[in-house]
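Protein chains in written order, with this note's numbering: chain X, 1 to 204; chain W, 1001 to 1124.
Any given hint could turn out to be false.
[To be verified] Restricting the straight-line Cα-Cα distance to at most 25 Å, the calculated cross-link-like pairs of lysine-lysine (PhoX-like) are:
1) K20(X) - K1086(W)
2) K1074(W) - K74(X)
3) K1073(W) - K71(X)
4) K1048(W) - K1068(W)
5) K74(X) - K1008(W)
6) K74(X) - K1068(W)
7) K71(X) - K1086(W)
8) K74(X) - K1100(W)
Everything labelled a hint here was simulated from the structure, so no lab data went into it.
Chain by chain, the residues:
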Amino acid sequence: MTSFTARFEQISIITRLYGKLLGLKMIPVAIYLFGIALYRSELWYWFTIWNPVSTFGLLLLCAAGYVAIDKYYKRNFGRVTSNSSEHLIEWMLPGFFVVSLIACGYIEFYAALPLSLSCLVISVLLFYFYRENRTFRFHYLVWSAIVFLMAILSIFGVYSPSQVYLMGPDAQISLIVLGVILLTAGLIDHSKLVQTISANTEAA
Amino acid sequence: MSESNIFKKISDLNRTLHEPSRLAIMTVLSSCKSADFLFIQRVTTLSKGNLSSHLSRLEKEELVKIQKTYEGKKPVTIISLTKAGKKAIENHWNQLEELKKQSSDWEPEFEKKMPGPGTLRLKT
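Just chain X, with the same shape it has in the complex (with noise of 0.2 Å):
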């Protein structure tokens, strides 16, 4: 009986995060980060010099990636449209997170604060996700208590306050590690996702 219930669950757990497993969506998102990293590190020279239009054209180039990566997924392996319930918080809760994210990060660089606003803003997203489903999602608690490190650990003089900052000049490493946290956590949601279709392959 634990056996077969067991089989069900995992069934219902894959259709219920089928939308947050989708990990190589991410990839798009991480590459525009590193980006806008380089362009603030100065190393990306060309990029540094026709920057208005390098930046709208990374974009774009990313924009254009985020959609041929959700027509690999609708391909290969099929669409599902969560419970309205779920959905209306799949829709509202990342337009929450960018207003709080922006609001932050304008709130820690005109204040000059000590510590990261916005790193604790995203700290706070990623434990939720973890919150989601504890042993599905596990790997989002890691980077949870990574970036809140990230956020405080300015305060004890181990890096300026500016380089954790969403925005400014100097803000490069919030970046850089934001973009490695979301291209690494979308590897292992993507992996996790294709591991259990195929153990579900291999148990049929």
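Assemble the complex: chain X is given as a structure, and chain W must be docked to it using the hints.
Then chain W, alone, in the frame of chain X:
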């Protein structure tokens, strides 16, 4: 809980739903608003033909709703649960849960009637 009661509950289970493939399909659909044919096929690992026939059976029993649309030139089949389907799968899982609880402290009648160890006497 008497033996006959447990067996009656087992025989009362919805046969359409209790078939493992159909139960898997209904579990997928109860976890979302709707899903397409490909997703259900990937998750349940059923072949196209098998999935089609199970879906037809579920549609016939008015447990699922099947909508065929086009995305560009590509046909897309979207499947969702009907109200009756939602109720049926919820009831089915509740029944299974109840049976699981009852069966854990169930003792077969013939074991109850059997004398304990050391009480058997051989006729000489």
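To see whether the hints hold, each was checked on the structure:
1. K20(X) - K1086(W): holds (24 Å)
2. K1074(W) - K74(X): holds (12 Å)
3. K1073(W) - K71(X): Answer holds: K1073(W) to K71(X) is near 15 Å, not above 25 Å.
4. K1048(W) - K1068(W): holds (15 Å)
5. K74(X) - K1008(W): violated (44 Å)
6. K74(X) - K1068(W): Measuring from Cα to Cα gives roughly 16 Å; hence the hint holds.
7. K71(X) - K1086(W): violated (30 Å)
8. K74(X) - K1100(W): Answer violated: K74(X) to K1100(W) is near 37 Å, above 25 Å.
Checked against the numbered hints above, the structure breaks hints 5, 7, 8 and satisfies the rest.
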